[in-house]
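S.K.: Note that the protein sequences, when read in sequence, are chains F and L.
Position 33 of the first sequence, counting from 1, maps to 33 under this note's numbering, and the rest follow consecutively.
Position 34 of the second sequence, counting from 1, maps to 34 under this note's numbering, and the rest follow consecutively.
No lab work stands behind these hints, which were simulated from the structure alone.
If you're wondering where the values come from, they're calculated on a predicted model, not measured in any experiment.
Here a beta-carbon is modelled for each residue, glycine too, at the ideal position from N, C-alpha and C.
Be aware that one or more of the hints could be misleading.
Said to hold, decoys possible - No farther apart than 27 Å at their CA atoms in a straight line, the calculated lysine-lysine pairs in the DSSO-like style are these: (1) F:Lys-58 x F:Lys-71; (2) F:Lys-68 x F:Lys-37; (3) F:Lys-37 x F:Lys-22; (4) L:Lys-9 x F:Lys-37; (5) F:Lys-68 x F:Lys-42; (6) L:Lys-9 x F:Lys-42.
Claimed, not checked - Partner residues are not named here, just some residues of chain F that face chain L (Cβ under 8 Å, in silico): (7) Asp-49; (8) Ile-62; (9) Ala-63; (10) Ala-70; (11) Phe-89; (12) Pro-93; (13) Phe-103; (14) Thr-105; (15) Gly-106.
Stated by the list, open to error - Restraint ranges, calculated between C-beta atoms of paired labels, are given here: (16) L:Pro-8 x F:Glu-56: 22 to 32 Å; (17) L:Gly-40 x F:Arg-61: 22 to 32 Å; (18) L:Pro-61 x F:Gln-14: 25 to 35 Å; (19) F:Lys-42 x L:Thr-70: 20 to 30 Å; (20) F:Arg-61 x L:Glu-30: 31 to 41 Å; (21) L:Thr-95 x F:Ser-52: 15 to 25 Å.
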Amino acid sequence: GENVEQHPSTLSVQEGDSAVIKCTYSDSASNYFPWYKQELGKRPQLIIDIRSNVGEKKDQRIAVTLNKTAKHFSLHITETQPEDSAVYFCAAPTNFGNEKLTFGTGTRLTIIP
Amino acid sequence: NAGVTQTPKFQVLKTGQSMTLQCAQDMNHEYMSWYRQDPGMGLRLIHYSVGAGITDQGEVPNGYNVSRSTTEDFPLRLLSAAPSQTSVYFCASSTGVRNTGELFFGEGSRLTVL
Chain F
1 GENVEQHPST LSVQEGDSAV IKCTYSDSAS NYFPWYKQEL GKRPQLIIDI RSNVGEKKDQ
61 RIAVTLNKTA KHFSLHITET QPEDSAVYFC AAPTNFGNEK LTFGTGTRLT IIP
Chain L
1 NAGVTQTPKF QVLKTGQSMT LQCAQDMNHE YMSWYRQDPG MGLRLIHYSV GAGITDQGEV
61 PNGYNVSRST TEDFPLRLLS AAPSQTSVYF CASSTGVRNT GELFFGEGSR LTVL
């Protein structure tokens, strides 16, 4: 099945600085790459996703980049704010079918005021 | 819309007991799934359904059963609870990757097996 590796597991950045989280995947047929944010004690929620026909997608302070050749994708958060503190998960479809997502192990992002 | 509703939110079981986690969605989503979340291990897929009457196994199916008799409901059954099943369980639904792909999660069910 799909293997998704996510780094780093923890990340602390000063408020206003940028944060980058990286994920690699194993199945070259994967074509959909979402990122979920989970605040403490809450459910995961989709924040951004990208499909394999584009290399980058932005939504205000959040962007995702995809390198299909290297099989990795990254989440970029600029001008970080305290409310960005959360656990972030990347995911990719398994080779059993695109509806089954394999999640990374998560990155705990802490924004230091 | 209520979205995805899970019950119960908290449950304590003894080893060997059985129970059912309920999940219902009111968005007419075809796809429903169950994940478990353990510290440092992310979200792992337990079982999955592409529509009423159709289910499939995920990464960690052992010890769990599911059924999908209606589009709305997707209960998860623990047959004989073990301490290794202590976890937070999330139900999710979506219209599928071929559409928006977004998973809508329930609030989670925290299960402790003693």
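S.K.: Next, verify each hint and record whether it holds.
M.R.: For each hint, the structure was consulted:
1. Restraint check for F:Lys-58 and F:Lys-71: satisfied, since their Cα atoms lie roughly 19 Å apart, inside the 27 Å limit.
2. For the hint linking F:Lys-68 to F:Lys-37, the alpha-carbon distance of about 23 Å falls within 27 Å, and the restraint holds.
3. Distance hint between F:Lys-37 and F:Lys-22 is fulfilled; the C-alpha atoms sit about 14 Å from each other, no more than 27 Å.
4. Taken as a hint, the L:Lys-9 and F:Lys-37 pair is honoured in the structure, with Cα atoms around 20 Å apart against an allowance of 27 Å.
5. A C-alpha spacing of about 32 Å is found between F:Lys-68 and F:Lys-42, which places the hinted pair above 27 Å, so the restraint is violated.
6. For the given pair, L:Lys-9 sits about 12 Å from F:Lys-42 by alpha-carbon distance, which is consistent with the 27 Å threshold.
7. About 6 Å separates the beta-carbon of F:Asp-49 from the nearest beta-carbon of chain L, less than 8 Å, and the hint is met.
8. The beta carbon of F:Ile-62 is not positioned within 8 Å of any beta carbon in chain L (closest approach about 15 Å), and the interface hint is therefore violated.
9. A least Cβ separation of about 18 Å between F:Ala-63 and chain L goes past the 8 Å threshold, and the interface hint is therefore violated.
10. Here the hint on F:Ala-70 is broken, as its CB sits about 22 Å from the closest CB of chain L, past 8 Å.
11. At its closest, the beta carbon of F:Phe-89 sits 6 Å from a beta carbon of chain L; the interface hint therefore holds under the 8 Å criterion.
12. Here the hint on F:Pro-93 is kept, as its CB sits about 6 Å from the closest CB of chain L, short of 8 Å.
13. Of the supplied interface hints, the one on F:Phe-103 holds, with its beta-carbon coming within about 4 Å of a beta-carbon of chain L, less than 8 Å.
14. With a cut of 8 Å, the hint placing F:Thr-105 at the interface with chain L holds, because the nearest CB-to-CB distance is about 4 Å.
15. Hint on F:Gly-106 holds. Least Cβ distance to chain L is approximately 5 Å, under the 8 Å limit.
16. Restraint check, L:Pro-8 to F:Glu-56: a C-beta distance of roughly 42 Å breaks the suggested window 22 to 32 Å.
17. The given range of 22 to 32 Å is respected by L:Gly-40 and F:Arg-61, whose C-beta atoms sit roughly 27 Å from each other.
18. The hint said 25 to 35 Å for the Cβ distance between L:Pro-61 and F:Gln-14, and at roughly 43 Å that hint is violated.
19. Under the hint 20 to 30 Å, the C-beta atoms of F:Lys-42 and L:Thr-70, about 27 Å apart, fit the expected range.
20. At about 33 Å, the beta-carbon gap between F:Arg-61 and L:Glu-30 stays in the expected band of 31 to 41 Å.
21. At about 19 Å, the CB distance of L:Thr-95 to F:Ser-52 agrees with the hint of 15 to 25 Å.
The earlier numbered hints that this structure contradicts are 5, 8, 9, 10, 16 and 18.
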